[in-house]
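Participant: Sequence:
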Amino acid sequence: MTIFYEFDGKLYANITNKCPCACVFCIRRNGDGVGESDNLWLDHEPDFEEIVEAFDRFDKTGLSELVFCGYGEPMMRAEILLKTAEYVKEKTDMKIRINTNGLISLMNPNFDIASLKYRIDKVSISLNASDPDKYFRLTNSEYGLPSYNSMLNFALRIKEYVPEVSFTVVDYNLGEEEIERCTERAKDCGVPLRIRHYVRDNKKYE
1 MTIFYEFDGK LYANITNKCP CACVFCIRRN GDGVGESDNL WLDHEPDFEE
51 IVEAFDRFDK TGLSELVFCG YGEPMMRAEI LLKTAEYVKE KTDMKIRINT
101 NGLISLMNPN FDIASLKYRI DKVSISLNAS DPDKYFRLTN SEYGLPSYNS
151 MLNFALRIKE YVPEVSFTVV DYNLGEEEIE RCTERAKDCG VPLRIRHYVR
201 DNKKYE
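Numbering follows the working numbering, in which position 206 of the sequence shown is assigned residue number 206; successive positions increment by one, without gaps.
The hints are simulated quantities; they were obtained by calculation from the structure and are not laboratory data.
Since the model is a prediction, treat every value here as computed from it, not as a measurement.
It is possible that some hints are incorrect.
Unchecked claim - For each label pair, taking beta carbons as the anchor points, the in silico distance ranges come out as: (1) Gly-190 <-> Ala-114: 17 to 25 Å; (2) Arg-29 <-> Asp-133: 36 to 44 Å; (3) Asn-140 <-> Asp-56: 33 to 41 Å; (4) Asn-153 <-> Asn-39: 18 to 26 Å; (5) Asp-171 <-> Arg-57: 31 to 39 Å; (6) Asp-38 <-> Lys-187: 33 to 41 Å; (7) Lys-91 <-> Ala-114: 17 to 25 Å; (8) Asp-93 <-> Ala-22: 13 to 21 Å; (9) Asn-30 <-> Pro-192: 41 to 49 Å; (10) Asn-30 <-> Glu-142: 34 to 42 Å; (11) Thr-92 <-> Gly-175: 39 to 47 Å; (12) Pro-192 <-> Gly-35: 19 to 27 Å.
Stated by the list, open to error - Below, simulated DSSO-like cross-link-like pairs (lysine-lysine); rule was C-alpha separation at most 27 Å, straight line: (13) Lys-134 <-> Lys-117; (14) Lys-89 <-> Lys-60; (15) Lys-134 <-> Lys-10; (16) Lys-10 <-> Lys-122; (17) Lys-18 <-> Lys-117; (18) Lys-122 <-> Lys-91; (19) Lys-117 <-> Lys-83; (20) Lys-159 <-> Lys-89; (21) Lys-83 <-> Lys-10; (22) Lys-117 <-> Lys-187; (23) Lys-91 <-> Lys-134; (24) Lys-95 <-> Lys-60; (25) Lys-95 <-> Lys-187; (26) Lys-91 <-> Lys-117; (27) Lys-83 <-> Lys-187; (28) Lys-187 <-> Lys-18.
By construction, the Cβ of each residue, glycine as well, lies at the ideal position given by its N, Cα and C atoms.
Model the full structure from these sequences, guided by the hints.
Facilitator: Dropping the structure here:
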């Protein structure tokens with residue numbers, strides 16, 4: 001069972017396979033791993049002790065950033081994520097990033113976003129589209145059309161607590177006009193946007 005793996009010079013944490021979205025461009029559709037990782041499908045969700053054991057065992061030489069991003073939405077296990085982040089901060093100087101769909105307020109309405117302060121250094125949020133309809137067609141979120149505004153609200157709120165916040169879109173069947181609209185939407189939120197390039201072999205997911 002693969003909890004931690006290295007990709008593109010960073011250490012990634014794969015703590016769940018659950019996700020409320022079924023994005024049409026999701027890398028899970030293309031294979032069982034990312035880059036040279038082993039199979040990222042978990043046979044069970046690891047508890048905190050298993051995560052710590054795997055982290056301590058992993059050779060982290062040259063790795064300065066831990067990214068919560070695997071074959072699921074890491075904020076589905078927000079409490080375990082935060083507990084793990086605290087442990088990593090205690091044991092290392094690694095920066096910690098979360099790659100998320102930004103739907104924590106729908107996944108867990110009682111979650112306190114302020115709890116990310118001092119624990120998380122960066123948050124990357126999947127903007128995906130310029131409006132709710134396009135977003136839903138791409139993500140198939142189980143929460144429906146309200147997902148889009150919930151994601152935007154998360155981006156606006158999280159800026160108060162996390163030093164670096166960014167949006168991403170995957171250029172999967174997106175024309176130049178839609179990318180420009182996404183860029184404007186990100187500017188309206190005061191959050192920088194990064195374009196990720198879709199590839200099919202999972203060897204280089206930029």
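Participant: Are the hints correct? Go through all of them and say.
Facilitator: Hints versus structure:
{"no.": "1", "hint": "Gly-190 <-> Ala-114: 17 to 25 Å", "in the structure": "holds (19 Å)"}
{"no.": "2", "hint": "Arg-29 <-> Asp-133: 36 to 44 Å", "in the structure": "violated (22 Å)"}
{"no.": "3", "hint": "Asn-140 <-> Asp-56: 33 to 41 Å", "in the structure": "holds (37 Å)"}
{"no.": "4", "hint": "Asn-153 <-> Asn-39: 18 to 26 Å", "in the structure": "violated (35 Å)"}
{"no.": "5", "hint": "Asp-171 <-> Arg-57: 31 to 39 Å", "in the structure": "holds (37 Å)"}
{"no.": "6", "hint": "Asp-38 <-> Lys-187: 33 to 41 Å", "in the structure": "holds (40 Å)"}
{"no.": "7", "hint": "Lys-91 <-> Ala-114: 17 to 25 Å", "in the structure": "holds (24 Å)"}
{"no.": "8", "hint": "Asp-93 <-> Ala-22: 13 to 21 Å", "in the structure": "violated (37 Å)"}
{"no.": "9", "hint": "Asn-30 <-> Pro-192: 41 to 49 Å", "in the structure": "violated (27 Å)"}
{"no.": "10", "hint": "Asn-30 <-> Glu-142: 34 to 42 Å", "in the structure": "violated (22 Å)"}
{"no.": "11", "hint": "Thr-92 <-> Gly-175: 39 to 47 Å", "in the structure": "holds (42 Å)"}
{"no.": "12", "hint": "Pro-192 <-> Gly-35: 19 to 27 Å", "in the structure": "holds (25 Å)"}
{"no.": "13", "hint": "Lys-134 <-> Lys-117", "in the structure": "violated (32 Å)"}
{"no.": "14", "hint": "Lys-89 <-> Lys-60", "in the structure": "holds (14 Å)"}
{"no.": "15", "hint": "Lys-134 <-> Lys-10", "in the structure": "violated (31 Å)"}
{"no.": "16", "hint": "Lys-10 <-> Lys-122", "in the structure": "holds (14 Å)"}
{"no.": "17", "hint": "Lys-18 <-> Lys-117", "in the structure": "holds (24 Å)"}
{"no.": "18", "hint": "Lys-122 <-> Lys-91", "in the structure": "holds (18 Å)"}
{"no.": "19", "hint": "Lys-117 <-> Lys-83", "in the structure": "holds (13 Å)"}
{"no.": "20", "hint": "Lys-159 <-> Lys-89", "in the structure": "holds (20 Å)"}
{"no.": "21", "hint": "Lys-83 <-> Lys-10", "in the structure": "holds (20 Å)"}
{"no.": "22", "hint": "Lys-117 <-> Lys-187", "in the structure": "holds (23 Å)"}
{"no.": "23", "hint": "Lys-91 <-> Lys-134", "in the structure": "violated (42 Å)"}
{"no.": "24", "hint": "Lys-95 <-> Lys-60", "in the structure": "holds (13 Å)"}
{"no.": "25", "hint": "Lys-95 <-> Lys-187", "in the structure": "holds (25 Å)"}
{"no.": "26", "hint": "Lys-91 <-> Lys-117", "in the structure": "holds (18 Å)"}
{"no.": "27", "hint": "Lys-83 <-> Lys-187", "in the structure": "violated (33 Å)"}
{"no.": "28", "hint": "Lys-187 <-> Lys-18", "in the structure": "violated (30 Å)"}
Checked against the numbered hints given earlier, the structure breaks hints 2, 4, 8, 9, 10, 13, 15, 23, 27, 28 and satisfies all the rest.
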